[in-house]
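Participant: Protein chains in written order, with this note's numbering: chain Y, 16 to 341; chain G, 16 to 341.
Everything labelled a hint here was simulated from the structure, so no lab data went into it. Computed from a predicted model, the values in this text were never measured in an experiment. One thing to keep in mind: the hints can contain errors.
It does not matter which identical chain is meant; a pair holds if it fits inside one copy or across any two.
[Claimed, not checked] Here are the simulated SDA-like cross-link-like pairs (lysine to any residue), alpha carbons at most 20 Å apart as the crow flies:
1) 226 to 271
2) 122 to 54
3) 261 to 279
Number of protein chains: 2
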Amino acid sequence: MENIKTGDITVGIVGLGLMGCGFIATLLMAEHNVIAIAPIPGDIAPAPERINNHLKLCEGAGLLDRPIESYLLQLEISEDYAQLATCSLVVECVIEIPGIKKSVYEKIENAVTKETVIASNTSAIPISELQKYLAHPERFIGIHWAEPSYFSRFMEITCGNHSDMQYADWVYELAHRWGKEPTLLRKDLRGFITNRLMYAVYREGLSLVEKGEATLEDVDKAFRYDAGSWMTLMGIFRRMDYIGLKDQLEMFKTIFPELCNDDKVSPLMQEMADTGAEGNRDSFRLYSYSEDEVRQWEEAFDLFNVDIFQLAAMYPSPREKNAHKI
Amino acid sequence: MENIKTGDITVGIVGLGLMGCGFIATLLMAEHNVIAIAPIPGDIAPAPERINNHLKLCEGAGLLDRPIESYLLQLEISEDYAQLATCSLVVECVIEIPGIKKSVYEKIENAVTKETVIASNTSAIPISELQKYLAHPERFIGIHWAEPSYFSRFMEITCGNHSDMQYADWVYELAHRWGKEPTLLRKDLRGFITNRLMYAVYREGLSLVEKGEATLEDVDKAFRYDAGSWMTLMGIFRRMDYIGLKDQLEMFKTIFPELCNDDKVSPLMQEMADTGAEGNRDSFRLYSYSEDEVRQWEEAFDLFNVDIFQLAAMYPSPREKNAHKI
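Pulled out of the complex, with its shape left as it was, chain Y reads as follows (with noise of 0.2 Å):
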């Protein structure tokens, strides 16, 4: 990899809505030359503008070296997979359905090398499910981008049953040239690492409201305040470190026992979503919004991220060195 410049790596995007524009955006400014296909005729008018808007914000947040059209000069969209043909690593990121993303697959595979990297930016579809669907299953994994993938060093990439680790590590290290921190998940861990981790918050904390114990709003002040005044530095197991192992150990042998352990979605979420089951999304909430209040939100959420991004990159990453013991 050390030898290697992106510059001489065409990467394919398939599926050009909002996030697969800004995927391209990404990968524009790590230097690759990008051929962006769309799967639904209908996309190719609107996509140079998605893809202008996403390098406007990144020249705003001051993450390019020269003018936005330079980059443009690296990047061909069409309609037609075959121009696929010179790609080293092709993402799909269409819709979430199966029978969708098998067509999709057909057409890559037919494009491409039997050693191209086909990588899908699923989040709720295994990976091995996926696989099923391609003749060479070996060279397939998962790529899950943050949204917007610019504005983040979020990345896990995971392997289903039948990946090669060859083409995962390769996609590891150049996943660092595009910006990234990513996770590798050898395995195809259902809800990869940060989701599957969090279901364990929010089953406590589902299970501590319904019992009284707590309000929504005392558990988000707790984590916006607390724990969120380390998450984005530490992560969790050098908060661990930092805070001293042994009297952890101690609160664990304590507290362990008394953690909700229901293999059963909360009744109280149960009859929500039983409740609203016709509505729209606004219909189904735990907090109550208005339409302002709404907007709000997402506004406050595009700005945070890149406020958030840019105090992250204040402070570097450990270094490799620093590898854990077990």
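Position chain G relative to chain Y; hints supplied.
Facilitator: Then chain G, alone, in the frame of chain Y:
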């Protein structure tokens, strides 16, 4: 509360260690008169410089609106518990040894009125246990501050079994004048909120590491760059709203049955604790650190703490009217 001026409320702090001196700085900035009691005679001499240093850090972060000296006029430092007679609130922040706390509470109760609120900063001992040491336990509550308190909106107010809610409600209101976004636990929940929920994360995280599903580093990266990218803005339940509850409900149904439900501490952690049993803090850590790296992490956290506090201040908490439906 609306009509009460904090300048009319005298607060006592018993315990002049690093944390206690930080609380004093926070209370002085909130315009309180403060009586600081040193339970250990040797703590009197270094206290003024400690408090001054805390106030200098606050000044550097732009939190002061007048010279440090003028804040110090509101402060009296003494070894004489009788000085607490005029306090409406006394906060104990001495070492976490029950016998020492018991003796401190006796001295405080001898000095104050029956209705003076007495609070402990403990995070290790249940409030109900400490109430056994009080002649008037109904006015005794927990106030768990962050460290350093002046760079955090976090505060957990906790009742014991014998606490009268009116005192907790009063402190809850008052804490908003200190620039806090406090949580109020009406029951004596072990681990309070953040720790309890984070222990659910640690349990699942340690289990994944033990099973070889993920590495320490990968879990930390996922939390730094994914969970960390929204935690300070949203907490966990607003995040659920933002993501969309219906999708999450489906994922919960799949993943809850797979989560770790162990009552016991993971064998790996117990083994490490046993191995390092005689050693100091350094000998029992998940990661390995050189002395330089320990220092670098501590410096980074001091800096990050101020940065994240200032970032969070740009995103004020949602209005009260935005209360939850549950």
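Participant: Now tell me, hint by hint, if it's right for this structure.
Facilitator: Taking the hints in turn, this is what the structure says about them:
no.: 1; hint: 226 to 271; verdict: both (17 Å within a copy, 18 Å between copies)
no.: 2; hint: 122 to 54; verdict: within (10 Å within a copy, 77 Å between copies)
no.: 3; hint: 261 to 279; verdict: between (33 Å within a copy, 15 Å between copies)
Checked against the numbered hints given earlier, this structure breaks none of them.
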